[in-house]
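Student: Sequence:
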Amino acid sequence: MNIHGPVWTDQPSRMRILDPLGTEGTINRLQSRLLYPVSSIAITERLRYLSFWAWITDHLDRHTRDERQRYEKIYLFANVAHDCDDEGTHGQGIVSRQRELDDGRKVGDIYDPTVDTVNISNDNFTLTSNSSGFDQYYKGILYNLLLFENEWTLSPLGKQLAVAFDEAISVEFSELQSAVEAERVQPALIERFAEHGCLCQLSNQEREYLTKAFLGLYTPETTWEDLDFLEALPVERLNLAPFLDRENLAESLIAYDEEDASTARLDVMEAREQADLTDLEKYILSGQHVFTRTSLLLILYAGYWVTERPTKTPDFTPLAESRALWQLVIHTEYFSQACQALLIGFYEAVRMLEPIGEAEVIERILTAPEYREALEAGLAAEVEPSDGELDTRAQIKNSIYYGQAFETSHRARLTPENDTQSLEEVGGKDSWEALTTVLTSGADALTLGSRSEWAFRTLLQDALEDTPSLAKSARVFGYSTLLLSSLQARYQHDFSADEFAPYRQWFNETERYPSPALLWNFPYDPSQTVATVLQQFTDDHIYTQYFNRLYQKLADNPGKSPQLMSTDADGQLSYVRPFNGGTPNLPTLKYDRLGDIFFELGWTTGNSLRELTLTTHGQALLEKFYVVGDR
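Under the working numbering, the residue at position 207 of the sequence shown is numbered 207, and the numbers go up by one with no gaps.
Hints are computed from structural coordinates only; laboratory data are not their basis. Quantities reported herein were computed from a predicted structural model and do not represent experimental measurements. Where hints are given, some of them may not hold.
Lysine to any residue pairs mimicking SDA-like chemistry, simulated, CA-CA at most 25 Å apart [unchecked claim]: (1) Lys-590 / Arg-577; (2) Lys-139 / Asp-66; (3) Lys-553 / Arg-29; (4) Lys-590 / Leu-18; (5) Lys-159 / Leu-280; (6) Lys-212 / Ser-286; (7) Lys-429 / Thr-532; (8) Lys-159 / Phe-125; (9) Lys-553 / Arg-577; (10) Lys-624 / Glu-308; (11) Lys-590 / Lys-312; (12) Lys-139 / Glu-149; (13) Lys-159 / Glu-181; (14) Lys-139 / Cys-200; (15) Lys-590 / Arg-237; (16) Lys-212 / Lys-312; (17) Lys-429 / Pro-526; (18) Lys-590 / Leu-280; (19) Lys-429 / Arg-411; (20) Lys-139 / Gln-201; (21) Lys-212 / Asn-239; (22) Lys-429 / Ser-409; (23) Lys-312 / Leu-622; (24) Lys-282 / Asn-144; (25) Lys-212 / Glu-151; (26) Lys-553 / Gly-582; (27) Lys-212 / Lys-590; (28) Lys-590 / Glu-308; (29) Lys-312 / Glu-382; (30) Lys-159 / Thr-223; (31) Lys-624 / Asn-204; (32) Lys-212 / Leu-280; (33) Lys-139 / Val-115; (34) Lys-159 / Asn-239.
The calculated label-pair distances, taken between Cβ atoms and stated as ranges, are [what the hints assert, rightly or not]: (35) Glu-308 / Asp-568: 26 to 34 Å; (36) Arg-105 / Pro-242: 53 to 61 Å; (37) Arg-309 / Ser-174: 28 to 36 Å; (38) Ala-445 / Pro-523: 43 to 51 Å; (39) Asp-466 / Glu-308: 32 to 40 Å; (40) Leu-280 / Thr-114: 47 to 55 Å.
Positions of the beta carbon are idealized from the N, C-alpha and C atoms, including for glycine.
With the hints as extra help, turn the sequences into a complete structure.
Tutor: See the structure below:
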């Protein structure tokens, strides 16, 4: 699907297969709880759209879909007229003269500054799906940032943002309104609007308000009319403990006083009586703004540490609670990739052997010599520098998960065959229990090293690049086994500790089957052989889960769910098509949007977490929250 700025495109001609096992669901739920206002839209997020739509809404009692289109067309032209460069930005959504519309024409072909007026009616051109950026992308963001109370009503926060935009630009709203009503706009108006109204010209006042909106720096009131931005950035507002236990309503409904940092817990009976809460009350009392605040600062600090290395290891002390929750997010990402890799290995084996029954497919994979070889090679792998470019986003995750990160690009390398040892030699016997014991033993156990989740995922990714064959499927199963076992070892070593209980509780309230909780509450006999456990896991949570989820989708939307495999009346499987090009999918849109947000707020020099460098403003922000510098 192609997305161009505020223009949406037609539906793809071929349907994609989304989350075939449901493992991405928990990732998305966790991310949504931690980054509620951050959208998952697939375009570069431009924050001045929020100012623009707050300004439009502030001047109108109501606005229709057609009116919103015409207002956006004028704004689109103003951005083209400004003809700014895209320094510091990249990706979809950077408005320019070359942006194509649905009919193939370019925006620059429609906007002609030499004519008397430009036709902005739908007869001349339309935005795809007849929708504006407000309808397609930004309405939800405006709600989630508490800038809008409803589609036609600004909150006091949104009102302040609208005023800041109005003070920054060089046109009057009445001029745009007249053009929208006439369905024609004069280039002179466009050129004046372009002087200070472009997406790249976010004013200091707008940026301050948007910074406070994203960080939840407003009075924690539960009625719209009482919301207001805080005058100064508070120093210590990073405590998540009061908001972690949502199962006990009395604990989760907190009256949080930002002024003196005191908390008044509601009586249990009173809390139950207030179960029928407004969305705003739920947002504030559950501390959603604090989850977002700490998450943004955590990722920004991790990026700062990865890039600057001011200390030998990152100091997450002020953000320890947020870090623990994000460790669970990354843990779940590893789990999802392992499960999807097993599914890919399974259907590729079906492709080689079809028609064939499920039990025989798994047996052929697990009895292939390459399965055992992959287990042994993975346990003997080494980590070494590589020639690739360092991916800062990956190292941000490593720093959060491991408390370590690479300074240059690294890879996991398989050692020569004669350097490997069998599981019996390494762990004393061939059993799942012995494998997890091996992974938690040694001085560097569970660090960012050769027996880490990162290393096993790297080997798995390399194996998935091979041409489909039974041998490839066996290797994929072997490395997936190591990754799943290392995740269980992580739980046993770190996440099962008593002090981690609040974070487990938070995770358990959020997760949906299948999730890493399968490995935490291990349903299999750990004394069984590794292959036996993997066979049972694949049958229960890969094969059965795939078809259960497929049949549910078919029941909900008959004929609208493309399949990876088919099965006949005798249970014989046949291959149909690949998933995601034969590689696991990982939800990354929120990470991508974080890059946009950091850049637009002036915290980083570019809009990608893959190459993150903080500005002095970004470092100053961290210092205000005592995340860096003296505390």
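Student: Going straight from one Cα to the other, do Lys-159 and Leu-280 come out at no more than 25 Å?
Tutor: With Cα atoms ~17 Å apart, Lys-159 and Leu-280 stay inside 25 Å; holds.
Student: Within 25 Å, alpha carbon to alpha carbon, are Lys-139 and Cys-200?
Tutor: holds (20 Å)
Student: Range first: 47 to 55 Å. Now tell me if the beta carbons of Leu-280 and Thr-114 are that far apart.
Tutor: Between Leu-280 and Thr-114, where Cβ atoms are some 49 Å apart, the hint holds.
Student: Starting from Lys-590, check that the Cα of Lys-312 is at most 25 Å away, please.
Tutor: violated (29 Å)
Student: Within 25 Å, alpha carbon to alpha carbon, are Lys-282 and Asn-144?
Tutor: holds (12 Å)
Student: Can the restraint linking Lys-212 and Leu-280 be considered satisfied, given a maximum Cα separation of 25 Å?
Tutor: Satisfied, since the Cα-Cα distance of roughly 17 Å is no more than 25 Å.
Student: Taken at face value, is the distance from the CA of Glu-181 to the CA of Lys-159 at most 25 Å?
Tutor: holds (24 Å)
Student: Between the alpha carbons of Lys-429 and Thr-532, is the straight-line distance 25 Å or under?
Tutor: Given that 25 Å is the threshold and the Cα spacing comes to 14 Å, the pair holds.
Student: Taking 25 Å as the top limit, are the C-alpha atoms of Lys-429 and Pro-526 close enough?
Tutor: Satisfied, since the Cα-Cα distance of roughly 12 Å is no more than 25 Å.
Student: Below or equal to 25 Å on CA atoms is what counts here, so check Lys-429 against Arg-411.
Tutor: Given that 25 Å is the threshold and the Cα spacing comes to 29 Å, the pair is violated.
Student: Are Lys-159 and Thr-223 close enough, with their CA atoms no more than 25 Å apart?
Tutor: Answer holds: Lys-159 to Thr-223 is near 15 Å, not above 25 Å.
Student: Verify the proposed pairing of Lys-553 with Gly-582, using a straight-line Cα cut of 25 Å.
Tutor: holds (21 Å)
Hint check: violations occur at hints 1, 8, 11, 16, 19, 22, 33, 34, 35, 37, 38; the rest are consistent with the structure.
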